[in-house]
Structures are given as C-alpha cells and as structure tokens.
Amino acid sequence: MKRIEVVQNILEANESIAAQNQRLLDKHRVFAINIMSAPGAGKTSLILQTIAKLKDRLRIGVIEGDVASTLDAEKVKDKAAAVIQITTRNMSESCSLIANMVDYALKSLPLEELDLLLIENVGNLICPSEFALGEHKRVVISSLPEGDDKPFKYPMIFADADAVIINKIDLLPHVDFDILAFRRAVKGLNPKAEFFEVSCKTGVGIEAWCSWLLNEVPTSAHKTINEGG
Amino acid sequence: MHELGITENIMDIALAKAKEAQASKISRINLVVGELSGFVSDCIEFYFEFLSKDTIAQGAKLYFEPVPLQLRCRSCSMVFHPQDTLWSCPECQSQSVEVVGGRELYIESLEVE
Numbered sequence: 001m002k003r004i005e006v007v008q009n010i011l012e013a014n015e016s017i018a019a020q021n022q023r024l025l026d027k028h029r030v031f032a033i034n035i036m037s038a039p040g041a042g043k044t045s046l047i048l049q050t051i052a053k054l055k056d057r058l059r060i061g062v063i064e065g066d067v068a069s070t071l072d073a074e075k076v077k078d079k080a081a082a083v084i085q086i087t088t089r090n091m092s093e094s095c096s097l098i099a100n101m102v103d104y105a106l107k108s109l110p111l112e113e114l115d116l117l118l119i120e121n122v123g124n125l126i127c128p129s130e131f132a133l134g135e136h137k138r139v140v141i142s143s144l145p146e147g148d149d150k151p152f153k154y155p156m157i158f159a160d161a162d163a164v165i166i167n168k169i170d171l172l173p174h175v176d177f178d179i180l181a182f183r184r185a186v187k188g189l190n191p192k193a194e195f196f197e198v199s200c201k202t203g204v205g206i207e208a209w210c211s212w213l214l215n216e217v218p219t220s221a222h223k224t225i226n227e228g229g
Numbered sequence: 001m002h003e004l005g006i007t008e009n010i011m012d013i014a015l016a017k018a019k020e021a022q023a024s025k026i027s028r029i030n031l032v033v034g035e036l037s038g039f040v041s042d043c044i045e046f047y048f049e050f051l052s053k054d055t056i057a058q059g060a061k062l063y064f065e066p067v068p069l070q071l072r073c074r075s076c077s078m079v080f081h082p083q084d085t086l087w088s089c090p091e092c093q094s095q096s097v098e099v100v101g102g103r104e105l106y107i108e109s110l111e112v113e
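Chains as they are written, first to last, in this note's numbering: chain A, 1 to 229; chain B, 1 to 113.
Check before you lean on any hint, since a few could be wrong.
[Said to hold, decoys possible] What the simulated footprint calls covered on chain A by chain B, stretch by stretch (three residues with Cβ under 8 Å from a Cβ of chain B suffice, anywhere in the stretch; the number is not a length):
id : stretch
1  : 10–16
2  : 91–100
[Unchecked claim] Only pairs whose alpha carbons sit at most 30 Å apart, straight line, appear in this in silico DSSO-like list of lysine-lysine:
id : chain 1 : residue 1 : chain 2 : residue 2
3  : A       : Lys77     : A       : Lys55
4  : A       : Lys137    : A       : Lys201
5  : B       : Lys25     : A       : Lys2
6  : A       : Lys201    : A       : Lys79
7  : A       : Lys2      : B       : Lys19
8  : B       : Lys17     : A       : Lys2
9  : A       : Lys137    : A       : Lys192
10 : A       : Lys192    : A       : Lys55
11 : A       : Lys187    : A       : Lys201
12 : A       : Lys137    : A       : Lys107
13 : A       : Lys187    : A       : Lys75
14 : B       : Lys53     : A       : Lys2
15 : B       : Lys25     : B       : Lys61
16 : B       : Lys61     : A       : Lys2
17 : B       : Lys19     : B       : Lys61
[Unchecked claim] Label-pair ranges, simulated between beta-carbon atoms:
id : chain 1 : residue 1 : chain 2 : residue 2 : range
18 : A       : Tyr104    : B       : Glu49     : 50 to 58 Å
19 : B       : Ser41     : A       : Ser16     : 18 to 26 Å
20 : B       : Asp54     : A       : Asn215    : 53 to 61 Å
21 : A       : Ile179    : B       : Glu91     : 26 to 34 Å
22 : B       : Asp54     : A       : Val67     : 37 to 45 Å
Please keep in mind that the hints were generated in silico from the structure rather than gathered at the bench.
Where is the CB? At the ideal position from N, CA and C, for every residue including glycine.
Bound-form chain A, shown alone:
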C-alpha cells in the first residue's frame, strides 16, 4: 500500500476551460456576462430589454442555457446578432452551464462580429455558482415574488455576484418583499455588489442597468462605435 499526495481541485478541469474561454473572448474583444437566477426570475426578459436598449451601441450575442427546449432562443432569435441554445438534459451537468458547453458555443458564434455576449445560465441558484464559464462579470437576478430571504438560503451565488438585479419591482405593492432587508443581506455577503431595481415588464430601471453595463464593457470592445466612427 502506498499513499500518493494529490491535492488537486476537482473543478480544476472546468476552471482551466473557463480561463481558455476568457482568453478567446478577450482575443476577439468580446465582453461576457453570466446571468444567473432561479427559474422565472426574468433572465430572458432582462436579455430582451438589454438588447432593445443597447442594440445601437453594441453588437450582442446570446447563449441560452436550458435543461430542455429552444423556447428562449426563439424569443431572442430575431433580436440578437447571434444566438446559440444549449440544452443540458443529456449532459453530465444538467443543472448548470459549465465551461466546456460555453467553449462549444463560442466555436459556433461569430465572435469577431460581437461586442457583448449575454450568457443565460440554467435557472438554478445553487449549481451555477460552482462553475466558472469564462465570463467577465456575474449577474444574479432576484424577483419580488421569490421573497427577500434568498441571500440567506443560497449565499454563494450572491457572494460572487458583481451585480444583483431586483426584478418585477412593479409588483412591490402586491408582495411582501423587504428591499432594504434583501440589500442588507446581500451586502453582508458581498459589499461590492451593485444593485439595480428594475421591471422588465414596464422598463423601469433598465436605463440604469444598461448604463452600468455599458460602462463595464471595456471601450476596446465597442467595435461597432469605434469602427463605425
């Protein structure tokens, strides 16, 4: 009997593919956002609102991750510059996108024609927090009907977020969601998180979210603006 010291991160393979994805994105000057939330919080709606607002400033590609169906890709298809749907049902990880699924998608996307890539993760607040994809920023959406206690129940996804979007803000008169308590809970885990209160239905708050996003995308990625003069 012999003992071999290993000390190797089990997610290392994913992390190295994620780093590779980021290098490919950087090479093509594409800025990538990983959008995560529970099912139904408004990931697709946020993507549609973001495209509507920024389509004259940035060329936007979308990766749609779902366990099954191409419903989301169909919704986005005519709006985005390019869309790829990944269905995870028959994969080892069906509950989250992982780096090699994004690697596959990047090979099918016209990266040289894109400035911004919005990656819609599988609706889930647990597993996506474990898998880096190669994104530059992580965004988590919480919607009012879900309740304000989610940062306590799913802390890691909030701890690693660059921006937290509170969606369906138009429902505030109808639900018991304490926005201050929610923000305090997220801040406790993650003092650097930016907050945006939006309604993808009415369009409230989308302006502020899009200006933040536009500001985060490095100017080198504004190929449309640069090249278009």
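Guided by the hints, dock chain B onto chain A, whose structure is given.
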C-alpha cells in the same frame, strides 16, 4: 444534479495520478469536501461504482473529509461557524461576513497498490 460530471473528474484525476505512480490498483481516494460545496457524497459514490467498473479504481473506497463552513466577520475579524441562518457574528452581531472555509472540493490523496 451535477455529481456525474464531478465523479468523472475524480476518476480522471485519480487514474492519471495512479498511472504516474505506476500503481496497479487504487484502493482508496481521500476527498476533502466543504460544507458549502453543494455535492451529495452518496450520489458521487453511486456514480463512482458505475464509472470505475473495469478500471484499476474498481472497488476503491471513497473517503469524504467534511470541512465545516467558516466565516470571518468583516467588523471584528472573528472567525466562527455560524449558529443561525442569518450568519451573524457571535461577538459583535454584525452580518457582514466573508466565507473563509467550506467551499473546498479536492482530492487530497490516493492509496494505491
């Protein structure tokens, strides 16, 4: 939910390391799993039994060493294991905390023949 992929990674790493050491059999894999890492060990064992068939890892025991969640208070620097769901600091009651332990997920060592 994603334990199949995790178990495939465990197998890949263990087989590569055992090959490097010119081992003919893996008898035990020691894993370190943080409380927050979100993996179900029963599930990993189930997939492992299936994936290790006809490999030198067949029949290997998986040992999971749990690492408890550890938080550091951003106000008073106290390191603690939370006693409540709000993760408040037992010393100063602050709820501004940083996770310093409990996200681990790695293979610590192998025992081979």
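(request) Kindly indicate which numbered hints from before are broken by the structure, ordering the numbers from low to high. (result) The structure breaks hints 13, 18, 22; every other hint is satisfied.
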